[in-house]
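Asks: Could you build the full structure based on these sequences and the hints that come with them?
There are 2 protein chains.
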Amino acid sequence: MSVVDLSSVNAFIPGQVELDPHEARMVEQRTRLLGPAYRLMYQKPLHFVRGEGVWLYDADGRRYLDTYNNVVSLGHCHPDVVEAITRQVATLCTNTRYLHETILKLAEGLLSTVQSDLSHMMLTCSGSEANDLAYRIAKVRTGGTGVIITETAYHGITDAVSQFSPTLGTAVPLGAHVRTVAAPAAYRSGPNVAERFTRDVEAAIADLKRHGIQPAMLIVDSIFTSDGILSEEPGFLKGAVEAIRKAGGIFVADEVQPGFGRTGSHMWGFQRHGVDPDIVTLGKPMGNGQPIAGLLTRHDVVEKFGNNSRYFNTFAGNAVSCAAAAAVLKVIRRDRIMDNARDVGAYLLERVSALRSRHDCLGHVRGAGLFVAADIVSDRETQANDRARTTRVVNAMRDNGVLISACGKDHNILKIRPPLIFSRENVDLFVDVLDEALAV
Amino acid sequence: MSVVDLSSVNAFIPGQVELDPHEARMVEQRTRLLGPAYRLMYQKPLHFVRGEGVWLYDADGRRYLDTYNNVVSLGHCHPDVVEAITRQVATLCTNTRYLHETILKLAEGLLSTVQSDLSHMMLTCSGSEANDLAYRIAKVRTGGTGVIITETAYHGITDAVSQFSPTLGTAVPLGAHVRTVAAPAAYRSGPNVAERFTRDVEAAIADLKRHGIQPAMLIVDSIFTSDGILSEEPGFLKGAVEAIRKAGGIFVADEVQPGFGRTGSHMWGFQRHGVDPDIVTLGKPMGNGQPIAGLLTRHDVVEKFGNNSRYFNTFAGNAVSCAAAAAVLKVIRRDRIMDNARDVGAYLLERVSALRSRHDCLGHVRGAGLFVAADIVSDRETQANDRARTTRVVNAMRDNGVLISACGKDHNILKIRPPLIFSRENVDLFVDVLDEALAV
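Top line first, the protein sequences correspond to chains A and B. Using the UniProt record's numbering, read the first sequence as starting at 1 and increasing by one per residue. Using the UniProt record's numbering, read the second sequence as starting at 1 and increasing by one per residue.
Worth flagging that the hints you see were computed from the coordinates, not collected in a lab. Misleading hints may appear alongside valid ones.
Where chains are identical, the list cannot tell them apart; a pair therefore holds if satisfied intra-copy or between any two copies.
Claimed, not checked - For lysine to aspartate or glutamate, the following EDC-like pairs were computed, each having C-alpha atoms within a straight-line distance of at most 20 Å:
no.	residue 1	residue 2
1	44	60
2	246	207
3	409	117
4	330	23
5	330	399
Replies: Here it is in structure tokens:
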């Protein structure tokens with residue numbers, strides 16, 4: 001098994017490049033004050049002082065096209081979100097043990113986007129906490145502990161969730177109750193991805209049971225971001241969802257990455273697959289930067305947990321975070337953000353795909369809405385992954401003012417994930433810079 | 001063993017009291033939209049629409065003296081924090097993978113308040129995440145998994161942390177690797193609390209080892225909030241800290257409750273005890289409402305975890321949360337908030353203590369700074385706890401416009417924990433209302 005450590009993709013490694021004195025000093029301070037666990041992106045780290053729309057500005061006033069940060073899904077410093085936070089923070093910021101309108105409005109809004117049996121919303125401060133809570137609920141609901149994930153999954157960083165997040169690297173052990181299945185990558189493993197994925201999940205269930213472990217949940221990022229953004233052949237989840245339910249477990253759709261309209265066609269990634277999750281977890285773009293995350297679930301799934309264990313999370317559901325999230329939801333609808341993600345996303349996919357005729361290193365290209373992935377390969381026939389070139393491409397683009405990153409087991413897949421307000425003009429600039437970088 | 005379920009203290013129970021139509025509708029919406037896990041405070045829930053300083057205002061314009069909410073430690077909607085958030089949210093909100101000044105400034109400020117060997121700050125979104133991260137670090141550092149806590153401890157709600165938070169109730173099982181020790185309550189168990197606490201921790205270590213479990217950490221809220229606010233005889237932690245270290249474990253001071261100057265005499269509760277923790281976890285008042293928490297630790301404690309596992313938490317350390325926390329730290333210093341906590345806290349303690357001569361139900365009274373506890377008893381001699389009367393007192397005060405709550409194994413200890421800007425005039429009002437409620 002290869003060592004998987006996504007935390008080192010595109011990371012700054014001290015001593016490799018020369019830094020400006022000001023940045024060198026900040027890097028030194030970071031190492032001293034934040035310690036060894038933190039990493040900066042890019043071979044030459046960036047120091048941003050301002051953001052606006054799709055642009056980030058560094059301390060020298062240079063602007064960068066942000067084609068990476070999915071948290072600020074409506075763009076940096078979106079005026080409606082800024083206004084909602086500004087107004088609420090000056091008015092009231094309390095917790096869920098008092099009545100407050102905004103959390104109810106937010107719940108109504110979010111629950112109206114999913115199938116009707118998902119009737120409850122619960123809030124957390126981070127996607128990690130959301131997946132952690134989903135696991136606690138799954139254990140109480142099913143009486144089991146077993147978890148099934150894909151081989152390069154990432155679901156978060158709490159102690160429990162890190163045990164089912166293999167991308168944290170081999171230094172973070174998977175739980176004894178965790179089984180991984182191959183990523184459902186149609187473009188690599190050929191047709192019948194649905195059958196294969198179902199069979200793999202069934203085998204994982206059987207293996208858990210053989211070890212005396214009752215399955216609690218199958219959890220997948222419904223666009224398989226860290227597995228390489230597997231947007232193709234939607235529909236392949238059905239058999240696996242049936243299998244986990246038949247085994248007494250539940251299905252959790254982790255929508256931290258594909259959710260809130262990124263795929264253009266649907267508000268949530270699982271809807272592309274035509275499945276009804278037992279729990280949907282939400283995160284990153286939910287407050288356009290404000291720390292808020294949560295989950296949607298059915299009454300019967302959370303009933304026992306809710307009645308016996310209760311749930312209170314001091315900051316989660318505070319009036320300011322809820323105001324930010326309610327503003328995000330309003331803007332997504334009012335400004336037809338999903339339409340933009342679909343239209344501009346299709347254009348982005350077309351333009352990136354067209355670069356294949358000019359660059360042999362560009363392997364398979366795929367995407368859904370404004371989430372596009374492109375493999376960098378040393379040989380198109382064998383699809384041999386080229387990690388070193390990927391790193392060069394990502395850093396060359398950074399040097400030319402465009403931000404992206406990489407993902408996948410071999411760190412060779414360009415992760416193209418701009419704010420959902422990206423324009424065709426932004427795509428043109430992006431493609432020009434990518435074109436140049438691919439020639440490096 | 002008694003069933004401990006702090007989540008039910010002062011909780012609203014549907015059907016017990018009649019509500020106004022508007023609130024009844026909101027309660028119905030909450031039940032429908034948020035599900036069975038959420039609970040409202042007080043027999044008659046409150047619906048706040050505005051906060052300012054020590055005051056919360058309900059929808060009818062009635063004001064309540066907030067003697068409970070420790071998150072807004074500088075008072076509701078503190079102008080400096082509001083301004084810091086307002087400015088930053090309109091400028092930039094990114095993550096720790098880019099360089100940014102404010103996180104460095106915050107780290108410098110926080111680390112300057114502790115002993116010099118605590119040299120690194122790491123950030124999370126909640127106190128739960130902070131304690132969860134402390135546990136992950138402790139496991140890597142020590143090679144152990146065992147956790148020692150006090151019998152009515154609360155450290156948070158992630159899957160791992162809930163396993164060492166007995167106040168979540170008996171429906172949430174403690175981990176097989178967790179041992180509890182009696183709360184170090186000098187006023188109940190007599191003198192020699194230090195010796196007894198040390199002996200109990202040593203016995204817990206021995207029991208863990210007897211079960212083949214290597215101790216990872218002793219973690220205590222250094223003012224033992226949920227054990228009943230045990231502020232007396234500071235210094236009793238020393239022997240226990242030596243014991244856990246001798247056994248190969250580390251000592252974690254959970255400062256989510258006593259931290260940021262609440263005790264008046266010290267910035268952190270552990271400093272009252274003259275001990276040097278290996279990890280200090282921070283939370284609630286850190287951003288005066290903005291979701292930010294974290295930990296301070298030594299380099300050698302986090303070195304292996306940092307180098308091998310890395311740490312990235314999307315929202316934690318974002319520029320807005322850091323701006324809020326930096327503003328909190330600035331105000332604590334500039335406005336001599338700790339001096340106020342000490343002076344007004346002493347006055348509060350004196351005034352509440354004096355009520356003992358008028359009310360036989362008022363048992364032991366104790367406190368440190370603006371954190372005061374008062375037992376409600378049915379018999380002072382035997383110190384028999386009176387949970388029913390405690391509930392009446394808390395709800396009578398709420399009806400008369402003053403907010404407090406209760407804690408302790410028997411839910412009979414008044415938890416008096418106002419914002420640190422509380423004035424003597426606020427104390428006078430508080431004591432008048434308490435005086436009346438104790439007569440109910």
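Asks: Going back to the hint list, which numbers does this structure go against?
Replies: Failing hints, ascending: 3, 4 and 5.
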